[in-house]
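Protein chains: 2
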Amino acid sequence: MELRQIYAPVQQDLNKVQDTLKSISHIDFAWLSEQLSYVVKEIGKGIRPALTLLSGKSYKYNLTYLLPMAVSVELMHTATLVHDDAIDKALTRRGQATINSIWGDEIAILMGDYLFAKAGESVSDTQTPRVIKLFSQTLATISSGEIGQFRGAFNLDQNRENYFHRIYSKTASLFSLSTQSGAILSKAPEELVTVMKEYGDNLGIAFQIVDDILDITSTKEAMGKPVGSDLTQGTLTLPAMLLMERYPDDNPVERLFETGDKSNVAQAIDMVLNSTIIDECYKTASEYCKRACKNLNLLPDTVSRQSLYALADYVVKQGI
Amino acid sequence: MELRQIYAPVQQDLNKVQDTLKSISHIDFAWLSEQLSYVVKEIGKGIRPALTLLSGKSYKYNLTYLLPMAVSVELMHTATLVHDDAIDKALTRRGQATINSIWGDEIAILMGDYLFAKAGESVSDTQTPRVIKLFSQTLATISSGEIGQFRGAFNLDQNRENYFHRIYSKTASLFSLSTQSGAILSKAPEELVTVMKEYGDNLGIAFQIVDDILDITSTKEAMGKPVGSDLTQGTLTLPAMLLMERYPDDNPVERLFETGDKSNVAQAIDMVLNSTIIDECYKTASEYCKRACKNLNLLPDTVSRQSLYALADYVVKQGI
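Residue numbers (the working numbering), protein chains in the order written: chain A, 340 to 659; chain B, 340 to 659.
Isolated chain A (complex conformation):
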């Protein structure tokens, strides 16, 4: 199923999310206004706000609160990307030049802070201290996860537990906030809030595994950033871990991490592509998607529940 079809039950409201995001650039500071419209002009796939709205459909859908929540998760996502790009010294994102590459790291830091602030303003419009607290806890989880990733760069002494903890922190926690807040704001019973939290946790992990796969199997054109970025930055992903397990002696990932010689990146990618590693990674992602869907049958049988099933299917089939 296409994303357009999956989003159908909430497409009109997703358009409102996009309009609200664009309105953030309407401020009385011409230079900043122009840069903000550059940052928020494209919502990307909008998977996080879509998750909030679709999760909200599971009970008493109330757009007054769900709209600012959906806006806030997308803004938090955008803010973290702006800071991540500055940290990674990334030149392009979604095929566009990054903020840091155009205006420097200083503006990227402050622009990210501004976007966090706008995300905070938006989440406060939900008037719901519980989701506001979850929002801040999620930002703490994401930033401590990023600190862990940065500190662990080019470190070979990492196991799968480290990997899953890291991708939970940097990606799944925000998916989880998106789904959980949707349920809370539509006054779902606690049992359904838990279901939606677990759906978000598992979908987010699957999403990040697939993202880590695509960093190896995709093209620069399709991703809008260079292939092999994770390895280049010393981030140990699942495909790279599997490669090290298969070839314990004389492995290009080990050589890359130990010597910093970037020529090993291409060799590592070649070796992964000429193995069954990618299939195995998709299998792992698929298991997380199954876990995500496992409890969805506790939700009322609506078109939005169908969308949540379909989204799990979509996430794991990207790039296949």
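It should be emphasised that the hints constitute simulated quantities derived from the structure, not laboratory data. Be aware that a few hints might be false.
[Claimed, not checked] PhoX-like mimics (lysine-lysine), calculated; alpha carbons at most 25 Å apart, straight line: (1) B/Lys526 - B/Lys472; (2) B/Lys559 - B/Lys526; (3) A/Lys622 - A/Lys428; (4) A/Lys633 - A/Lys656; (5) B/Lys472 - A/Lys526; (6) A/Lys384 - A/Lys629; (7) B/Lys601 - A/Lys472; (8) B/Lys564 - B/Lys472; (9) B/Lys472 - A/Lys472; (10) B/Lys428 - A/Lys428; (11) B/Lys656 - B/Lys633; (12) B/Lys536 - B/Lys633; (13) A/Lys361 - A/Lys384; (14) B/Lys384 - A/Lys472; (15) A/Lys472 - B/Lys361; (16) B/Lys633 - B/Lys355; (17) A/Lys380 - A/Lys559; (18) A/Lys622 - A/Lys384; (19) B/Lys472 - A/Lys355; (20) B/Lys384 - B/Lys622; (21) B/Lys526 - B/Lys536; (22) B/Lys472 - A/Lys361; (23) A/Lys526 - A/Lys633; (24) B/Lys633 - B/Lys428.
[Unchecked claim] Among chain A residues calculated to face chain B with C-beta under 10 Å, some are: (25) Asp444; (26) Ile446; (27) Phe489.
Cβ atoms here follow ideal geometry from the backbone N, Cα and C, with glycine treated the same way.
Place chain B on chain A using the hints.
For chain B alone, kept in the frame of chain A given last:
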């Protein structure tokens, strides 16, 4: 009056603020825990949390809400300093090595984000959407103000309106949040909330003017950072503006901004010190302190009101 005496009506609760700040480092991530305890070990003068607590005393003092609010304003202040130091490439702050100088800009960015998140968690414990929204709006004001300052660095085409707007954004807005939220959380009538907002606005402007004075008149030892930092970074402060007005032809500030030749910094400082400029700047700061105090007589006559008067007096006499 000494700061210790001024803070007396809330000193016990300020100690609780300090304890809560320290508890932020009690997390299950050894490396981050250690760094956080470095960041939050010293509260500095604690003027912002003191303002929240003293303002709370103006009506129905409720520590359950005022404590997390006081913690959140101090954390937001700390987070902005961590990012500012990374942007300014500052090496020391309060006589200590900065985060960026020890662990690099990447960790400074993420540590600042983590502190913003903890500030957000804390403010959500006030359970009061109005102050939560004010908190986020203040962060937006601060970061857009910092963007303006960074963009305007080494730009001679700035007038006093630009200067006052800039120092309102970067400093007074957080003073204003501190006082206003104290009044709101103690259920003060709207009239008193406005009084406390105006007190915070004016006191914050006075505080920043004095800070800009001390950057010229103080010593590296007293400030814990180099003298003349503002000029070195191309920030046009009130003393520098007055110097340019006095010596419109061949001025060291103009030469510094136009050529980048840092030898002009010492000459500019000498010229300011050998003039009446510092007195004039103190006079301006003093006027803002008078404005701050003007409406305090609408508050109930308590020891905390005496402290607010005394604090205004203290702010403007620093360094004299």
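For each hint, the structure was consulted:
1. B/Lys526 - B/Lys472: Answer holds: B/Lys526 to B/Lys472 is near 17 Å, not above 25 Å.
2. B/Lys559 - B/Lys526: 43 Å, violated
3. A/Lys622 - A/Lys428: It is violated: about 32 Å lies between the C-alpha atoms, which goes past 25 Å.
4. A/Lys633 - A/Lys656: 18 Å, holds
5. B/Lys472 - A/Lys526: 22 Å, holds
6. A/Lys384 - A/Lys629: Holds, at about 22 Å.
7. B/Lys601 - A/Lys472: 47 Å, violated
8. B/Lys564 - B/Lys472: 34 Å, violated
9. B/Lys472 - A/Lys472: 13 Å, holds
10. B/Lys428 - A/Lys428: Satisfied, since the Cα-Cα distance of roughly 17 Å is no more than 25 Å.
11. B/Lys656 - B/Lys633: 18 Å, holds
12. B/Lys536 - B/Lys633: Judged against 25 Å, a Cα distance of about 12 Å means the pair holds.
13. A/Lys361 - A/Lys384: 16 Å, holds
14. B/Lys384 - A/Lys472: 28 Å, violated
15. A/Lys472 - B/Lys361: Roughly 20 Å separates the two Cα atoms, so the pair holds.
16. B/Lys633 - B/Lys355: 31 Å, violated
17. A/Lys380 - A/Lys559: 21 Å, holds
18. A/Lys622 - A/Lys384: 23 Å, holds
19. B/Lys472 - A/Lys355: 21 Å, holds
20. B/Lys384 - B/Lys622: 23 Å, holds
21. B/Lys526 - B/Lys536: 14 Å, holds
22. B/Lys472 - A/Lys361: 20 Å, holds
23. A/Lys526 - A/Lys633: Since the Cα atoms of A/Lys526 and A/Lys633 sit roughly 22 Å apart, the hinted pair holds (cutoff 25 Å).
24. B/Lys633 - B/Lys428: 39 Å, violated
25. Asp444: 7 Å, holds
26. Ile446: Status holds, d = 7 Å.
27. Phe489: Interface hint status for A/Phe489: holds (5 Å vs cutoff 10 Å).
Against the hints set out earlier in the document, violations occur for numbers 2, 3, 7, 8, 14, 16 and 24.
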